[in-house]
Amino acid sequence: MNAIFKDHESDRRVKAKWWTSRIAIYTALLTWAVICLFPIFWTITTSFKLAPDVMKGNLIPWWDFTPSWKGWEAIGFSPRLIGEVSTVREEFLKRFWNSTIISISASLLAVVLGSLAAYGLSRFNYRFGFMRNSDISFFFLSQMILPPVVLALPFLVLYKSLALLDSRIGLILLYTLMVLPIVIWIMRDQFQGIPIELEEAALVDGLGIWGAFMQIVLPIALPGMVAAFILSLVLSWNEYFFAALLTSTNATTLPVMVASQTGSQGINWWSMAALSSAAILPLVIVAIFLEKYIIKGMAAGAVK
Amino acid sequence: MNIEGDLLHTVTADKISDSRKRLGKLMVWGTALLCVGLAVWQTAYQTGRISSGFDTWRPILYAYMAWATALCAAQVIVNGEKGKRTLFVLPATLFVVSLVVFPLLFALYISFTDWNLASPNGPQPNGWDNPIQMWNDSFFWNALKNMVYYVLAVSVEYVIAFGLALLLNAQIRARKFFRVVFLLPLMLSPVAVSWMIGKSMLEVRFGPVSRLIREFGGEPSFYGTPEIARFMIMAMDAWTFIPFMMIMLLAGLQALPREVLEASKVDGASGWQSFKEIIFPLMLPVSVTAVVIRIIFKLKLADVIINVTSGGPGGATDSVTSFIFREYRDRSNVGYGTMLAMVYLVLIVIFVTVLLKLVSRWMERPA
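These protein sequences, in sequence, are chains A and B.
Each step along the first sequence adds one to the number in our numbering, with nothing skipped, and position 101 is 101.
Each step along the second sequence adds one to the number in our numbering, with nothing skipped, and position 296 is 296.
Here chain A stands alone, though its shape is the one from the complex:
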């Protein structure tokens, strides 16, 4: 049947070109998606494998191997063990709890301190000695280039004399210090985007500067603060260097636990896979549900 509307020859060429570009784009996207997802898929499936499955290189669950709880039993999580008392699970939960407490409190502290500083720097002029606003901002941001090794040893000695070695508070303080520049960077951008007239109106209506900050500015800047908080959370959850040097038994975090297993046990694949999966899952979930905020946080400051 003859079509009523016929494409001209040149239109068809455009269409072919459009299709090739579509295919190229989706191939590239899918390739990279596989590169991103395969290690995660591999780790999670390996945690349900048995030794022969690992050696044979079976990949797809239920199709070429039968999932088993062996790996998860090594850290005390399986339908069989979940009701019983398990020392390995206690151990794992302790590390998990440490990681949670440390990263959440460090991020909270950093967001509070950083937001205050960023607000001050974006609204008032300071003069501490020779330091002007731009110098103070630079001072905060320059902490970003400070490599952790430089601080590691003085802190080791300092914490030893303060009896803070192997304590959560010690790590919280350090992680706060580590993420503070990033928080200030994000929050300064946020506050600069809020019109100053809002606070002026609030001041006219009788609020003090702190009142205006708390009641007017904070609610507006909340999404930015959430972004800064999540980014800090990711960084401090994943931190390994300080945790490895400054903790030994009580306050060790998950990354240290994962690293110590790789060192000693060779290839106890399934349990390592289970441990790694358990260590990455919280942040994977955070990434899936709060992706918007993470992207917002990282995009802040990139675009001016």
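FYI, nobody ran anything at the bench for these hints, they're computed from the structure.
Possibly wrong hints are sitting among the right ones.
[Claimed, not checked] Below 25 Å or equal to it, Euclidean Cα-Cα: the simulated BS3-like pairs (lysine-lysine) are:
1) K15/A with K265/B
2) K70/A with K199/B
3) K56/A with K199/B
It should be emphasised that the depicted structure is a prediction, and the values quoted were computed from it without experimental measurement.
Position chain B relative to chain A; hints supplied.
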């Protein structure tokens, strides 16, 4: 921002009585004296001059915190409304200064001692021995040379990240899905990554990648030769951090002025032309920010190396940080390690300053 006077202008007529000012000053000086006094007492106790003292330095920490609180409170008590403004910045400043400046000064002192945690004598100043030892330490220079390679790898990461950002910015379906998937590697801790990829996927016998290579008739060896081992470390680090640059570049792409792009299309620019002549130049500031921040992160690279190769083979993959980490942990060589760390800090500061200067000079000139 170089605006004189406060952006948020407040006029207040504070009448602060003399007694209130005195109270504020008394608080600050009182707590400061308490802190210094306790510190002197404790030093005397630890050096054995007096017999009674505290077990740890904790009380001095509490006194210091009391002083910091008093200092913050005194701002409002003494300066009134003006002090409330200072109060925004003061806590963060105090926090950073006490956690960075003091330890740095202390590090400077230790770096000129022969301190080994295993030796019973404690730190003994040893003059210029550490710098001389550093000068002759081929492993340290090797690690520095590796850092140059690692930093250069950022350029490749940048190209990939830019490509991905362009892809995500194109007219595609399921954009949110791809964005989340591309973001995932950034969420994973380097330690987990070093097991997931470095130790299990790249395992020579059973790892899926080795299998794939064998399918094609190759013989997998990932950490045998220096070049390949270094490449593997770079690849793992890139895998984790490409999303970071990608997202910054994506934000830049989305903020591009639409009119300019449309105008170029009307003028008949092809895809490559509009990228070369418009998108890339307009993206330069964002690109520079992303690359500089990435380089700063790269300079701290250590976790993956420590956990996958611990510097091997023969120091070929060592970064400065991982090298110093092993100096601390395996040899307890505190004095020397700190000297290396301080030197590295100085080098980084010089490098980043020069980089920023070059970038700002280059950006001012229209391309």
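Honestly, which of those hints from before does the structure not fit?
-> none
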